[in-house]
Amino acid sequence: MVDPTTLTLNHFLLLGAVLFAVGLYGALARRNAVIVLMSIELMFNGVNVTLLGFSRYIASSAPLLGQIFAIFIITVAAAEAAVGLAIIIAVYRDRKTIQLDDIHLMKW
Amino acid sequence: MTELFTTIGFYAFGLVAVGGAVGMVAARRLVHSAIFLVASFLGVAAIYLLLRADFLAAVQVLIYAGAIMILMLFGIMLTPNQLEDGGRAHLGQKVGAALVAISFLAVAAFSLLGTKWPLAQTLSEQPTTEEIGRLLLSGYVLPFEVASVLLLAAMVGSIWIARED
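Going down the list, the sequences are from chains A and B.
Residue 106 in the working numbering sits at position 106 of the first sequence; the count goes up by one each step and never skips.
Counting from 1 along the second sequence, just add 1000 to a position and that's the residue number in the working numbering.
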């Protein structure tokens, strides 16, 4: 279990899980599309903390693999943010709202 | 002694990261959310430094606290009058979201803390930037090039989607 005085892998895993959970709450509870996008970035951050923790603390023959993985996650997150905001701006231009409740053209 | 400072730093910066995250999802005004998110990103960058990921910490500050936050601020400012209507009508959604998040946290904490990880005996204290650069241009050169194609596709795609008519 977690010993509070010396840092272990568990500290970083828990921090990553907490960041991911807060981001998950934001993505589900907020209704402004930009805030939802920011919450998703927060979830990416939680995942990256977990990966870097594994990269540092776990015995491996490829010690920097976790950091390389995190670099590619950041790359994909940047691409996702750009495309997501483009979609939000296109929706706003068309419908004058980005409240997710009001965007229900394809809702059954 | 340095270990004590590292532990204190972990709790301080972890508090900044989590506090910024909570402030981001709780703030009513969108720009306040963005500022809280910058604080969270910077706290996470400091956590990366504690994990001896110096290159990733720099990338975190440049890409997340810099570029992505600028994008988000553009998103907020190009979509005016989008404050959420406060409160009670959406209480059910908030309770449901909190339930999902808390149960995720419980499952994740249970499984992560319950697993016996094959821990390394000695921790490397070497700077990583040089080695990451070498790896990206040798062993991982194919994903590196594919990532550049992905970024190009995302750039062209977002310009195409967001253009005027």
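Quick caveat, the hints were computed from the structure, so don't treat them as lab data.
Treat the hints with caution; some may be incorrect.
[Stated by the list, open to error] Across the chosen pairs, the derived CB separations fall in these ranges:
no. : chain 1 : residue 1 : chain 2 : residue 2 : range
1   : A       : Gln99     : B       : Leu1137   : 16 to 26 Å
2   : A       : Ser60     : B       : Glu1130   : 16 to 26 Å
3   : B       : Asp1054   : A       : Ala62     : 44 to 54 Å
4   : A       : Ser61     : B       : Pro1143   : 17 to 27 Å
5   : B       : Ile1159   : A       : Arg95     : 25 to 35 Å
We treat Cβ as the ideally placed atom computed from N, Cα and C, and that holds for glycine.
* Asked: Hints broken by the structure, by number, lowest first?
  -> Those not satisfied are hints 1, 3, 5.
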